[in-house]
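Q: The lines below spell out each chain.
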Amino acid sequence: MRQIEVKTEAHQELHDITPQVQAAVEASGIAEGVCYLFCPHTTAGLTLNENWDPSVRHDLGLVFDNLVPHRPDFRHREGNSPAHAKTSLVGSSLTLFVSGGRLVLGSWQGVFLAEFDGPRRRRVLVKVMAG
Amino acid sequence: MRQIEVKTEAHQELHDITPQVQAAVEASGIAEGVCYLFCPHTTAGLTLNENWDPSVRHDLGLVFDNLVPHRPDFRHREGNSPAHAKTSLVGSSLTLFVSGGRLVLGSWQGVFLAEFDGPRRRRVLVKVMAG
Amino acid sequence: MRQIEVKTEAHQELHDITPQVQAAVEASGIAEGVCYLFCPHTTAGLTLNENWDPSVRHDLGLVFDNLVPHRPDFRHREGNSPAHAKTSLVGSSLTLFVSGGRLVLGSWQGVFLAEFDGPRRRRVLVKVMAG
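Protein chains in written order, with our numbering: chain S, 225 to 355; chain B, 225 to 355; chain Z, 225 to 355.
Since the hints were made in silico from the structure, they are not lab data.
Do not rely on the hints blindly, as some may be mistaken.
The list treats identical chains as interchangeable, and a pair is accepted whether it falls inside one copy or across any two copies.
Calculated cross-link-like contacts (lysine to any residue; reagent style SDA-like; alpha-carbon spacing at most 20 Å) [stated by the list, open to error]:
| no. | residue 1 | residue 2 |
| --- | --- | --- |
| 1 | 231 | 264 |
| 2 | 231 | 331 |
| 3 | 231 | 246 |
| 4 | 231 | 323 |
| 5 | 231 | 330 |
| 6 | 231 | 347 |
| 7 | 231 | 300 |
| 8 | 231 | 290 |
| 9 | 231 | 301 |
| 10 | 231 | 253 |
| 11 | 231 | 247 |
| 12 | 231 | 255 |
| 13 | 231 | 299 |
| 14 | 231 | 345 |
| 15 | 231 | 326 |
| 16 | 231 | 353 |
| 17 | 231 | 250 |
Model the full structure from these sequences, guided by the hints.
A: Okay, here's the thing in structure tokens:
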């Protein structure tokens, strides 16, 4: 099990971790198998999406804020209930394939830590299994 | 493959199954590996979120109801289309890590069955693989 | 690693791929294990839901469109930002169980490619591992 460390810089941000995940795959020495990612936080998750045009990330941020606005009847005193909800919407675990010692991703796909309550230091756990 | 049985008590509820998943991991005798969870229902899913302050669960319930209200143009005659939609939003499968014979979870993370059409008896399938 | 090819026929569609996934499981010759699915696109994802009453799929389409309407402040010039956002909401990977050489699914569950920017030719990658 390896660990990726991320320092997010905005309150909400899709932070591209594709290079770090690729480095973890290479460090494992496994050529064919599966790469599991796990985010141990409750106000940040993991998602795959386009990493070519940065405006896609901008637009996803608008969507998330529109989906989960603040509400006066939220009870959680920390005030970050929208971040908790967005995390359950994108999810906390991903399973990727490894072939030829590299991640198998679509042409436009990148792996993102989805920060919903930053800026913070975040961790992503990575495990690569042969098969 | 093991099975966790859950009896939910409300129409919508985040039911903490962390202790049962931990028990399934221990029963497997596997120290290092991966724990897969699968929910075989179409109106209940699985999610990770904070299990310390119960008000987080309350607020997530408000969010889910706000995201998927009932609509007069729904065609599914059983009347539970919002529960089907919420299930696709949170998802039906999770992958967790196992280390030292225990689930690897963040400090505030718990594993929840997300009931969207209860109260009902629900099942969660668990498989632990070494690696 | 096997590949399922899908030709979607509508702009938005839940396309049932359960038979193709089952065929891939059978072709693997693995009786007990795990079946991973991965969608390498950024405007289509994967989800599990009811495959018996087609009106569930109709209603989910209404929900997705209601959740992510077009917005004048979207910046992505291709105009398909809602499709990107819906993909992150349902997710791009699924993990299913295999037992007795067959997928383990609930009575009403089917596996769907969730097309959000069709019609297009899409691919789903499948890997089956014993365990």
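Q: For each hint given before, does the structure comply? Return the numbers of the non-compliant ones in rising order.
A: Hints 4, 7, 8, 9, 10, 12, 13, 15, 16, 17 are the ones this structure does not satisfy, whereas the remaining hints hold.
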